[in-house]
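**Student:** Sequence:
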Amino acid sequence: MVVGSMYLFPFFHHLFPRMKFLHIIRDGRDMAYSKNQNQLRKHGSLFLSSTEQEQWSSPVQSIALWSRINFLVAEYGEKNLPGQYLRIRFEDLCTAPVATIFQIFEFFGLQGNAEAITKDEVSPPDSIGRWRNEDMPTLELLHQVGGTALRKFGYGITAEFQQQDNRENKLSFYLPSNSVPELLEFPERLQNIHSQLKKSRDWLALIRTNLNSSSGG
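Take the sequence shown: its letter number 159 is residue 159 in full-length UniProt numbering, and every next letter is one higher.
Heads up, some of the hints might be wrong.
[Unchecked claim] Just the calculated beta-carbon pair ranges, DEER-fashion:
| # | residue 1 | residue 2 | range |
| --- | --- | --- | --- |
| 1 | S123 | D202 | 35 to 45 Å |
| 2 | R130 | L22 | 18 to 28 Å |
| 3 | E121 | A205 | 46 to 56 Å |
| 4 | F16 | E134 | 39 to 49 Å |
[To be verified] Heads up, simulated SDA-like pairs for lysine to any residue below, C-alpha to C-alpha not over 25 Å straight-line:
| # | residue 1 | residue 2 |
| --- | --- | --- |
| 5 | K35 | P125 |
| 6 | K152 | D120 |
| 7 | K152 | E75 |
| 8 | K79 | F16 |
| 9 | K35 | G4 |
| 10 | K42 | T148 |
| 11 | K119 | F107 |
These are computed hints drawn from the structure, not numbers from a lab. All values reported here derive from a predicted model rather than from experimental measurement. For glycine and all other residues, C-beta sits at the position ideal for the given N, C-alpha and C.
Work out the full structure, taking the sequences as your base and the hints as a guide.
**Tutor:** Okay, structure coming up:
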């Protein structure tokens, strides 16, 4: 998966129905404390309400975006691309690289030396688990907002955050009204565009036919 392609997933699927999509995901809690918040800067307004953008800190906004976009991508892939969608956790690539790389090879029908690739390419960063060093009040809100997605993607909720997880904020998966059409209605919009283009081509063909008939007469 190319970074950013997840936002156009249905669009690409419509253009390439037989495509295979590799969805690589990393713990949203670590992502929330990354210095690189380009995704939040570029796409946050599509997935966060104005109130959330005003009242939530950057880490909380980040995990809200992470939760919502990855959840939508996962649901779309699981529903619409059976056998063509594979989700890999970054942490699994770091802790069990050979098995994970082999799984990717199998998915794409490729051959290669997973052990050699592991040796040359896989170097787990120190930032894995960095969220554990952050302040407790913010972490509680992170789990309140991101709990559903964290569970779905296999990221355990430790005991100290179980209470927040059990009373998860319903705003966690609230999507501003403009975000769902932007992400999920590309196929329908493209079909409408294709229909209009076909009508235009048919209309132009009719004009050419009439012009040729007039010239011949």
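**Student:** Does each hint hold? Answer for all of them.
**Tutor:** A quick look at each hint next to the structure:
Separation of S123 from D202 is about 57 Å and departs from the stated range, judged on CB atoms against 35 to 45 Å. One distance hint, 18 to 28 Å for the beta-carbon pair R130 and L22, holds here, with the actual separation near 25 Å. For E121 and A205, the hinted distance range of 46 to 56 Å is satisfied, since their beta carbons lie about 53 Å from each other. F16 and E134 have their C-beta atoms about 40 Å apart, which keeps the hinted 39 to 49 Å range intact.
Distance hint between K35 and P125 is fulfilled; the C-alpha atoms sit about 14 Å from each other, no more than 25 Å. Simply put, K152 and D120 have alpha-carbon atoms about 31 Å apart, too far for the 25 Å limit, and the pair is violated. Taken as a hint, the K152 and E75 pair is honoured in the structure, with Cα atoms around 11 Å apart against an allowance of 25 Å. In summary, the hint linking K79 to F16 is supported, as the alpha carbons are separated by about 16 Å, within the 25 Å threshold.
Between K35 and G4, the direct Cα distance comes to roughly 17 Å. Compliance with the 25 Å bound is thereby established for this hinted pair. Distance restraint check for K42 and T148: the Cα-Cα separation of roughly 24 Å lies within the 25 Å cut-off, and the hinted pair is therefore satisfied. Between K119 and F107, the direct Cα distance comes to roughly 21 Å. Compliance with the 25 Å bound is thereby established for this hinted pair.
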